[in-house]
Every structure is written in C-alpha cells, then in structure tokens.
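Undergrad: Given chain D, work out where chain R should sit, using these hints.
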Amino acid sequence: MKKAIQLDPSDNVATLLVDAVKGDEIEIISANNQVIDSVRCLQAISFGNKVALSDIADKQLITKASYPIGLAIMPIPRGELVHVQNVRSQRLDIPDNIIEEIIKQMRIEQA
Amino acid sequence: MMNTFMGFGRADGSVGIRNHVLIMAVDECCEGIARAIADSIDNGIVVTNYNTCMYGGNEEMINTMIHTGNNPNVAGVLVLAMGCGSIDPEIVAAPIRTTGRAAFSLVCMKQQGTRATINQGKALAQELQQAANAAPRVETPISDLVIGVKCGGSDTSSGIASNPSVGRAVDTLVDLGATAIAGELIELVGCEAILRQRAVSPEVADKLERLIHEEEARWHVDGAEVETMSIGNSVGGLTTLEEKSFGALSKTGTRPIQGVLQINHLIHEKPTQPGFYLSEATHLCGSAGMHFAALGAHLILWTTGGAGFNNPIVPVIRVSGNQYLLNEDIDIDASGIMRAEEGVESVAERIVAKVSQVAQGQQTNIEEFGYSYCSLYQKDQRLETVLRFKPNC
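If you read the protein sequences in the order shown, they are chains D and R. Quick note on numbering: our numbering labels position 72 of the first sequence as 72, and the sequence is numbered without any gaps. Quick note on numbering: our numbering labels position 371 of the second sequence as 371, and the sequence is numbered without any gaps.
Chain D with its partners taken away, still in its complex shape:
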C-alpha cells in the first residue's frame, strides 16, 4: 500500500513517500513507522508533497513536524494536495509568477 508519513502527531498534513494518483488510498504512518490512519487522495500528489489529513479551514495553520509552515488561503478538504496553490507563507511569499510556474510544472489540478 502507498504510504505517507505524519512527522508529528499534531500535524494536519502527511508527506507522500511515493507518487499517488487520484483515488489512491494512502496509509498514514508515524515517524516511528506505526500505521495510524488511511486517506483517499482527491487528486494526484507526487512524492515529497503533502496530503491534508483533516478538513482544513481557510486561514487555518498548516502544521508539519509540529511547526507552523503557512496559512491556508482557502478551505482544504482531507485528501487534497496542500501546496502553493492553497497555502501562503506567514513570512515571505513566493512571487505570484513563480507560483504559477510551480503549478504549471507540477500540473496541479485546481478546483
């Protein structure tokens, strides 16, 4: 089964350890390799990218490895890719044209 790792129990995202396609059921493991959950991917999510483990509200903090890594700029349902198309830095934004380029290169499907 395809897997994603939740680095800290407080995280609302997990990082994919393989490429996943839309509809894949992903096993969520802890940092100590215990299976803790399973999530269905709502879109393609490639290796190293993050899947939402819960429904995340607009302006809610995204937490990875227990650290706040940014703010949601729209509601993000469980199973969706959490990335530049729906999250912004609290510190220093990536320029919009670069975000467009990242979305294009990654072929991120947007609702």
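Read the hints as simulated data drawn from the structure, not as lab findings. We put the CB at the ideal spot given by N, CA and C, even for glycine. Keep in mind that the hints are not guaranteed to be accurate.
Taking lysine to aspartate or glutamate and the DMTMM-like style, the derived pairs with C-alpha atoms no more than 20 Å apart in a straight line are [claimed, not checked]:
| no. | chain 1 | residue 1 | chain 2 | residue 2 |
| --- | --- | --- | --- | --- |
| 1 | D | K2 | R | E342 |
| 2 | D | K2 | R | E341 |
| 3 | D | K3 | R | D39 |
| 4 | D | K3 | R | E31 |
In silico negatives: residues of chain D with every beta carbon more than 12 Å from chain R [to be verified]:
| no. | residue |
| --- | --- |
| 5 | V21 |
| 6 | K22 |
| 7 | G23 |
| 8 | E27 |
| 9 | S54 |
| 10 | P75 |
| 11 | P77 |
| 12 | R78 |
TA: Relative to chain D, chain R alone:
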C-alpha cells in the same frame, strides 16, 4: 554503546578524539610549502588562508585560525607566512602556544629559499609529530563530546529522514550531558518565534533574533538578492520558506538553547556548559567545517541528500535518507524511513552508536581522504560597517 573513549589529553584540559598536527599558511603564496611539509608527517593537515595576505580585513579569519589551532583534536601547529604580506604568523602561533600546545612559526622570506623553508618546516613538523605522539591517553566520558550539526545537499528526504533522525540523536546526546552546536542562521529565517521559546533566557532569545536578522541582512541586500527557495525546492514538495527552514531546524532536536555563539574579529564564543547551542557557523559547508573546528567541536553530524562533505580536523558522520544517492561515503543510511521500513528512533540510535564509535577512534567512511579544503570564511568587514552591525554587543 560504550560510554567512554580513550582520548588525547591536552595541556589546557581538553581531550581530543584525534591527534592532528596543523600546518597553517596565513597567505596562499606559501601553501605549496605547507603541503610539502604536511606530507612529511602522518597526521599533517594544511589550513590555508586564501583571502589575501593582508592583515586588515582578515582579522576574523585570523581569529578562526587561532581557535582552530586550539581545537581538542589538534596537538600542535606550525604557522607559515611568505613574509611579503602583512600577516605575522606569530599572531596565530602565540595564542595557540598559551594553551600549552606546541606552536611554531616560520617566515619563508627569512629562510634561504623555498627548499630550505621546506626542510626547516619538516624538522619542526617532526618535533610536532613527536609532541603529538607523547599526548597522554585519557579515558573520557562520551558526555564530554562537543558535536557540530550541519546539513547540506538537502532534498525532500532531508526533512523527513536525515534531519529528524539527527535531531533525535542530538536530544539523546544532550540528555547524556554532551554539547551540540548548530549554525546556519540564514536557514532559520522564519523560525524565530519557535527558537525564542527554546532559548533558556530572554537575553539568549534576543541575541538569537538579532543575529538571525543580521545574517538575513547580509544575504538579502536590495538589488542583489540571493535565492532563498528555488522552483525545484517547491516542485520537490516545499510549500513555504518556513517549511524549508523548519525542515533544517529539525536536525537541531528540541532541547533548550543555552546560547548563540558569536564569531567575529573580536569575539569567538565557545560553549560554557553542556547542552544545545546555536552559533554563527556559516551555512556554506566547507567553511562551516572550520567554524565548528574553531568552536571546539570533536566531530560533525552532517545530513544530506547525498554528497561527501568531509573535514580532516573534525571527523564528519554523513547521514542520508536518499536511497538513489547513497554511496560508500554515507556513514548512516536513513533511507529506511523513506521506504517505511525503519523509524526515526531506530535511525537515531544508530547515529548515537556511531558517534560513540568515531569518538573511540573508528574512522568515518572517507575520513582518510580528508583533503577537502580547510575553507576559511569570514564576514566582509566593509559590508558589516555599511550595515552598521556592532560586533561586540
């Protein structure tokens, strides 16, 4: 795991895990002479200042060279200068001598030519070698170790596998009573609030925030920006600068920050008690090796995607979680985490065991090929002045 190692006792009370002799060239013109001398002894390591032969502007570098000579892994030093520049080798050798180490200096121009200098240098190097061989062996607890923590060649696997594993190992080592030091303040931009909470006092928190701010100002000059995040970083899965910074931060573990060690032309702070420290050691790997040497580190834990950073003075334990880039250079394979076959805790235990073994004398995988350059890095005094940074507050 064994809890002690048989170290090399120094007159200043410190104990090394290695017993090196440094041949230092205070200007690049005498490097060839330094290499010829170093090749004549077993544990000779060349340290060269490539950044002009002038004293003015090189004060911080000189300070780093002095403190590198005082590293516990160093038994003695020979300091060379060509003689036509303005750096007197005695300004490096004399302070090292005050620690009880053997320290000689030689000005090439005062000898009868290059060959004569090499011959004279070889004789002095022999004396240093003999002094090193006479260092008493001292049984020392692992808790006396000072460990540098650094990342480089980072990729997606770093934030998931190698950095969290090293972070856990750092916590274990600190809990045992050891000292760990990280640097790379530019990589901690965005982590200030979390770091403040880890600081042992408001003074440490303020200093930390000030030094991160200064490093950010040095690297982000309007009109001459350097990249903080590449498109490749984001395609690889990093969404924000914070995520990149926190991934790097995770190698520092979770224990309280006892202090932030400043490095400049006036100050070269060292840990005053065991625990975890941040420092101004640069994010540039080769030069960071020398900064950690100057901070008194015995060895370095280095996390990577996959590359072979090495430093001959301070052994480097390389940790990678990228199974596609793993090769014989990597000391700890953390790729099991990426394949969901091994947990962070288990990799951390292997790292701690490795630290103990390397302290006991086991060579790291490429330790004998130690000739990565001893790159010396310093802040540009002109930029510091333009930015109005005060070195001693």
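Undergrad: With reference to the structure, classify each hint as holding or not holding.
TA: Going down the list of hints, with the structure as the test:
no. : hint             : verdict
1   : D:K2 with R:E342 : holds, 16 Å
2   : D:K2 with R:E341 : holds, 13 Å
3   : D:K3 with R:D39  : violated, 52 Å
4   : D:K3 with R:E31  : violated, 53 Å
5   : V21              : holds, 16 Å
6   : K22              : holds, 18 Å
7   : G23              : holds, 20 Å
8   : E27              : violated, 8 Å
9   : S54              : holds, 17 Å
10  : P75              : holds, 17 Å
11  : P77              : holds, 17 Å
12  : R78              : holds, 17 Å
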